Amino acid sequence: MVQSKSFANRLATALIVIVMILAVALALMPIINTIAISFSTGTAASSGKVAFWPVDFTLSAYQKILKDGAFWSAFMVSIARVVIGGGLSIALTVLMAFPMSRKTSQFASRNIYMWTLVFAMLFNGGMIPTYMVVYKLGLINSFWSLVLPTAINVMNIILMMNFFKGIPSSLEEAAVIDGASPYRILFSIVLPISLPSIATITLFTVVNYWNEFFNGLIYINDQTKIPLQTYLQQLALQQQNMTQLSKEEIMAMSQISSLSLNSAKILVSMIPVLIIYPLLQKFLVKGLVLGAVKE
Amino acid sequence: MSIARFNSKYFSKRQMPYHLMMLPGMILLFLFNILPMFGIIMAFQDFVPAKGFFGSPFVGLAHFRYMFSLPDSFAIFRNTIVIAFGKILLGMIVPVIFALLLNEVRVKKFKEFVQTIVYLPNFLSWVVLGSVFTMIFSGSGIFNNFLGMLGLKPVLLLASNKWFQPLIILTDVWKGYGYGTIIYLAAMTSIDPSLYESASMDGANRWKQVLHITLPGILPMIILVGTLNLGNILNAGFDQIYNMYNPIVYQTGDIIDTYVYRMGLQGAQFSFGAAVGLLKSVISLLLIVISYKLADKFADYKLF
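Chains as they are written, first to last, in this note's numbering: chain D, 176 to 470; chain C, 54 to 357.
Honestly, the hints are just simulated from the structure, not real lab data. Being a predicted model, the structure only gives us computed values, none of them experimental. For every residue, glycine included, the Cβ atom is placed at its ideal position computed from N, Cα and C. The reader is advised that the hints may include incorrect statements.
Below, a sample of chain C positions facing chain D; criterion: calculated Cβ distance under 7 angstroms [said to hold, decoys possible]:
hint: 1; residue: Met74
hint: 2; residue: Pro77
hint: 3; residue: Phe85
hint: 4; residue: Ile93
hint: 5; residue: Val313
hint: 6; residue: Phe323
hint: 7; residue: Ile341
Footprint (simulated), chain D over chain C, 3 or more residues, beta carbon under 8 angstroms [unchecked claim]:
hint: 8; region: 114-120
hint: 9; region: 146-157
hint: 10; region: 161-171
hint: 11; region: 226-236
hint: 12; region: 287-300
hint: 13; region: 327-333
In silico BS3-like cross-links for lysine-lysine, where the CA-CA straight-line distance does not exceed 30 angstroms [said to hold, decoys possible]:
hint: 14; chain 1: D; residue 1: Lys457; chain 2: C; residue 2: Lys161
hint: 15; chain 1: D; residue 1: Lys278; chain 2: C; residue 2: Lys350
hint: 16; chain 1: C; residue 1: Lys66; chain 2: D; residue 2: Lys278
hint: 17; chain 1: D; residue 1: Lys461; chain 2: C; residue 2: Lys355
hint: 18; chain 1: C; residue 1: Lys164; chain 2: D; residue 2: Lys457
hint: 19; chain 1: D; residue 1: Lys340; chain 2: C; residue 2: Lys104
hint: 20; chain 1: D; residue 1: Lys311; chain 2: C; residue 2: Lys104
hint: 21; chain 1: D; residue 1: Lys224; chain 2: C; residue 2: Lys206
hint: 22; chain 1: D; residue 1: Lys461; chain 2: C; residue 2: Lys350
hint: 23; chain 1: C; residue 1: Lys355; chain 2: D; residue 2: Lys340
hint: 24; chain 1: D; residue 1: Lys457; chain 2: C; residue 2: Lys355
hint: 25; chain 1: C; residue 1: Lys355; chain 2: D; residue 2: Lys278
hint: 26; chain 1: D; residue 1: Lys457; chain 2: C; residue 2: Lys162
hint: 27; chain 1: D; residue 1: Lys340; chain 2: C; residue 2: Lys62
So here's chain D without its partners, still in its complex pose (with noise of 0.2 angstroms):
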């Protein structure tokens, strides 16, 4: 009886750690095809014979995009758009959950705020109305579009004013009866004890800035203006005619098949992503949970 007991559980143990695995491998699958293929042959990626070792290894599409201009400048437009776009969100979302952390006895408007905020997120114009807007206000083919509109997320400062609420005001009394003002209380006791809030908080702004797409396709049309994904949406488009094509088809048009190029842009895009998950995330559980709690 103990025995079959302790088999069972031995079977169910090693069930388990084959679903965990096969769940590894279906979400790294789509990842190392595309490695592979990007360091094959466009006619051998073309042909449908990488699976997930390249075939015909060459470096030449990464030496395409060593000097693809198009390409390093959109990079550096989504850079741009991280640095500054993420910079700002965050300072911004760091200075409205702080208030919006207090209780209606220090700050009296803040539930005014509040309403305004959580309406703001629930009801929105709609895609045509904002484009609109943004037109109105020269915005178009400038910088600050890719930026500007996608700074405020409530969401976020929902999140970060929960993690504030969490802190005990036993850390801050002593310095109000000091006679600390709301800046110094929140630059040097609130900030320094909420890193893995700010590490979520960022994680989510900066991947969000990266990963946008729509904003440069509507907003920008002058072609050295735009990010990253909108240039890889558009060269996205020339191939996506491939879905309906079957394979002798695609082998036809293997001459300016670019698929290998392709794949290799879509990887480098990647590499900003996958340096700073990595980072980021050990703060994710903390941030997340601590931030979703109400008090």
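Position chain C against the provided structure of chain D, taking the given hints into account.
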């Protein structure tokens, strides 16, 4: 209330720093969130950009009537709801099951590794994943090669009205379930360990413990996520579909947001696009308010 008292209540010297902190963000919020709400007026006009919001003629509900007269409209609302509902349902079930399984893994390093990897696709854009899936499911992609190895005929899933919706739902769940897993695993850590001890002393096996302790322990979180998702029933995911669809699958893949973009912005039917978008926004708002009320009632959840 007199002006002086109003000022001392809301704008006392002590509170001014808070107002100043709010100011820059509120300006951006006003410009890009509040102003477009007034722009909704264009849904009731024949909006011409050159004439602006004040010069364009009013046409009342003409665009809404036109929308309901179009045969496409029904299909677009149906596609939106089917895809969104599929995503919500499967997007709830998969992370719950996965988190329950992962919670049974005792090796902490392995557990964290799995958690980190399955959450990774969440951070890749739909532009990138759209390209990747287009390759994978194309005629020469690994999916069809795999079918070929099994001796099956190739299927172009992304160009098939039969397979497009399931594929959209599955790839979205694949991308997103890592987030739900983290949320549920975190909820599991707050379950009282003594419950498991006394259960195993009573002879309850692992399966029974999962069923009678872990699952009920995260039930409030499941209910919370489920009710909050109700507000997403008209959000079928613009970014994903825009990057994965093509004219062949408009019949099953076209959703409200993609339709608004094609008609309203690409086709320059600004007012018509705004009207369709407004209908979506209003219904969504109603659903969200209902879902937050339900979340408050059943899961004791308050957003703020």
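Hint-by-hint comparison with the structure:
1. Met74: Where the cut-off is 7 angstroms and the nearest Cβ of chain D is about 4 angstroms from Met74 of chain C, the hint holds.
2. Pro77: Holds: closest Cβ of chain D sits about 6 angstroms from Pro77 of chain C, inside 7 angstroms.
3. Phe85: The hint holds - Phe85 of chain C has a Cβ within 7 angstroms of chain D, the shortest such distance being about 4 angstroms.
4. Ile93: Hint on Ile93 of chain C: holds, closest Cβ of chain D at ~5 angstroms, below 7 angstroms.
5. Val313: Hint holds; Val313 of chain C Cβ to chain D Cβ min 6 angstroms, cut 7 angstroms.
6. Phe323: holds (5 angstroms)
7. Ile341: holds (5 angstroms)
8. 114-120: violated (count 0)
9. 146-157: Coverage by chain D holds here, the residue count being 4 at a Cβ distance below 8 angstroms.
10. 161-171: It holds, with 6 qualifying residues against the three required.
11. 226-236: Result for this restraint: holds, n = 4.
12. 287-300: The restraint on the region 287-300 of chain C holds, since 5 of its residues have a Cβ under 8 angstroms from chain D and three suffice.
13. 327-333: This one holds; 4 residues, not fewer than the three required, reach chain D with a Cβ under 8 angstroms.
14. D:Lys457 / C:Lys161: The given pair, whose Cα atoms are some 14 angstroms apart, holds under the 30 angstroms limit.
15. D:Lys278 / C:Lys350: holds (24 angstroms)
16. C:Lys66 / D:Lys278: Judged against 30 angstroms, a Cα distance of about 17 angstroms means the pair holds.
17. D:Lys461 / C:Lys355: Holds. Lys461 of chain D to Lys355 of chain C sits at ~20 angstroms (cutoff 30 angstroms).
18. C:Lys164 / D:Lys457: At roughly 13 angstroms apart (the allowed maximum being 30 angstroms), Lys457 of chain D and Lys164 of chain C satisfy the hint.
19. D:Lys340 / C:Lys104: This hinted pair is violated, its Cα atoms lying about 48 angstroms apart.
20. D:Lys311 / C:Lys104: holds (12 angstroms)
21. D:Lys224 / C:Lys206: holds (17 angstroms)
22. D:Lys461 / C:Lys350: holds (26 angstroms)
23. C:Lys355 / D:Lys340: The hint holds at about 14 angstroms.
24. D:Lys457 / C:Lys355: holds (27 angstroms)
25. C:Lys355 / D:Lys278: Roughly 16 angstroms between the alpha carbons, so the hint for Lys355 of chain C and Lys278 of chain D holds.
26. D:Lys457 / C:Lys162: holds (12 angstroms)
27. D:Lys340 / C:Lys62: holds (23 angstroms)
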